[in-house]
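Assemble the complex: chain P is given as a structure, and chain B must be docked to it using the hints.
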Amino acid sequence: MTQSIALNLLQIAFVLLLSPLFAGILARCKELVQSKRGPSIFQPYRDLRKLFGKDERISEDSSWIFRSAPYFVFIVPLIVTLLIPVLTDFPLFFAFAGDMVGAGFILAISGMFFTLAAIDGGNPYGAMGASRTRMVGFLAEPVIIIVLFTVSFVANSTIPYIVQQHWVHPIANFFAPSHVLLLIAFFMVLLAETGRLPVDNPSGHFELAMVDESKALEFSGRSAALIKYGGYMKFVVLSIVFLNVLTTPWGLATNGSPAGLALAIALVAVKILALIAVIVAVESSYAKLRLFRISEFLAAAFVVSVTAMITEILHL
Amino acid sequence: MTALLLELNALVLGLFIISTIAMTVTRQIGACMQIFIVQSLLLAASAFLLGAAPFSWHLFALGCVTVASKAVIIPWLLRRLVPGEIDRRRELSQAIDVPTTLLIALGLTFAGYAFAQHLVHAADNLSPGNISMGFAALLVGLLLLAVRIEAVPQLLGLLAMENAAFLAGIAIAPDFPLIAELAIAFDVPLLAFIVALLARIAYRSMGTTQVGGLASLKERQ
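Those sequence lines, one after another, are chains P and B.
Quick note: the first sequence, position 26, residue 26 per the numbering used here, numbers continuous.
Quick note: the second sequence, position 45, residue 45 per the numbering used here, numbers continuous.
What the hints contain is simulated information worked out from the structure, not anything from laboratory work.
Nothing here was measured: the structure is a model prediction, and the numbers come from that model.
Cβ coordinates follow ideal geometry from the N, Cα and C atoms, glycine included.
Be aware that a few hints might be false.
Unchecked claim - A few chain B positions that, by computed beta-carbon distances, are all more than 10 Å from chain P:
1. L77
2. L106
3. L119
4. L158
Unchecked claim - Selected chain B positions facing chain P (in silico; Cβ < 8 Å):
5. L15
6. W76
7. P99
8. A111
9. Y113
What the hints assert, rightly or not - Restraint ranges, calculated between C-beta atoms of paired labels, are given here:
10. P:P170 to B:A53: 15 to 25 Å
11. P:A277 to B:R79: 28 to 38 Å
12. P:L17 to B:Q117: 45 to 55 Å
13. B:A173 to P:H315: 46 to 56 Å
14. P:F90 to B:T2: 16 to 26 Å
Looking at chain P on its own, in the form it has when it is part of the complex (with noise of 0.2 Å):
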């Protein structure tokens, strides 16, 4: 039990230091892929020891909301960190405590209280933000539930420990068509759900167009800082269900040997890296959508993720 809690402990650790830099990597890339050089992959990092050293300004007429969400954007994605495989094939200390929809639960906290943080910062800006990421809240969420439905189809069971189990025992399910389909639908929903480009411009400067990014504006200091490494840290942990859980299980250490999890650790930098490749590709390669035309994409992902479903109850 000591050794699944340092683990657990691992995990958050993997996390919480390597995620900055995987945010860095993907802007330079990005960067690089437009044939400009672009900031250090480290610049994250600076990013935030700046902010933690700022001083902060909180309106006076804003409530207790705005001054905990920072933190409730921090610790979620933690907490969900606790939940799924981020380094072990093996169940650890806390696995059993929530499944994939209890995560996603968890997740919906933090986008609650930072919607509701944005509005109450009075700033208009804010409050449009807020309903935009509604919006596309409102319209991400019956994919996740829908992939989540195939999942426990397919694995019957939703704890994603059991769930990477069964697309690759048998190696058949791995190809199954159901699969290729709920990884479609499940990728364009994490790009929605963490603000990338078809969907939001994340490097985007202009109020007005901002879906995402609007909200932290009238962060700063130590709460902007915050609220970005939370940014950071839910696209790490949602790329990691999507690796580790949906799409390639392989790499992740079998027993708790430093050996073992020293691999473990470099397999699953190198997965993230190779995501960030098809996201740069995907960045690149498309437009912003126009606000109304964003439904029409997560019309697809719905489409898509219901086929999947459709297709693994006819077993085809």
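Same frame as chain P, now just chain B:
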């Protein structure tokens, strides 16, 4: 070996049905055509995979013909004959909006699967998935043919139907007679050529290829 090939074929089938949905959701004619090329390549991949295990040179020939005619000749012909439609016009018009079309496509996919179940049990075949997916994609292609207003996207819908029919066909009859391969080798590009020519003439005289508008076509004074 055969099991691995069939598993890879299942993967190809999943991608095929995704390409069909992608064709339904795209609004750009150019992108729609590129997805059609991908779909044709997937059909060819399925033919190669099914033709490899109990070796069937008919299926290999079919794959080669598909790549040549649908991934190379037809896109080239369309770009040549109606460049205004494909490159300069960005968005295609539809009779009903995209989310509704998607919902109908979903229903048709389900119907296609349900109908194909009977065929799957009736026929003794290599890959039952091919028939179901092919049937579903066939119905979605028909939907594209119905909702798209302009000539080129309609043609793409028709060709998607063709792809879907062949996807189902290669599982039912792996030893196609040669005449069927020759038919797609000549028939389909010729069909694309004729439709593209008609579209070109319509585009020149009206500035659009909206087929509904042809009913009110009048002599210029």
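Structure-based check of all given hints:
Residue placement check: L77 (chain B) keeps its beta carbon more than 10 Å from all beta carbons of chain P (closest about 26 Å). Non-interface status of L106 (chain B) relative to chain P is broken: a Cβ of that chain comes within 10 Å, the nearest being about 5 Å off. With a minimum CB-CB distance of about 13 Å to chain P, L119 (chain B) clears the 10 Å threshold, and the non-interface call stands. No Cβ of chain P comes within 10 Å of the Cβ of L158 (chain B); the nearest lies about 22 Å off, and the non-interface call holds.
Taking 8 Å as the C-beta cut-off, the interface hint given for L15 (chain B) holds, the closest approach to chain P being about 6 Å. Annotation: W76 (chain B) was flagged as interfacial toward chain P, and the flag is violated, the nearest CB pair being 23 Å apart, outside 8 Å. Interface restraint check for P99 (chain B): the shortest CB-CB distance to chain P comes to about 5 Å, inside 8 Å, so the restraint holds. Residue-level restraint check for A111 (chain B) is violated (minimum Cβ-Cβ distance to chain P is 10 Å; threshold 8 Å).
A least Cβ separation of about 5 Å between Y113 (chain B) and chain P falls short of the 8 Å threshold, and the interface hint therefore holds. Between P170 (chain P) and A53 (chain B) the C-beta distance comes to about 18 Å, which sits within the given range of 15 to 25 Å. Between A277 (chain P) and R79 (chain B) the CB atoms are about 30 Å apart, so this pair conforms to the stated range of 28 to 38 Å. Evaluation of the 45 to 55 Å hint for L17 (chain P) and Q117 (chain B) yields a pass: the beta carbon distance comes to about 52 Å.
For the hinted restraint 46 to 56 Å between A173 (chain B) and H315 (chain P), the CB-CB distance of approximately 23 Å leaves it violated. Take F90 (chain P) and T2 (chain B): their Cβ atoms lie about 34 Å apart, and the range 16 to 26 Å is violated.
Checked against the numbered hints above, the structure breaks hints 2, 6, 8, 13, 14 and satisfies the rest.
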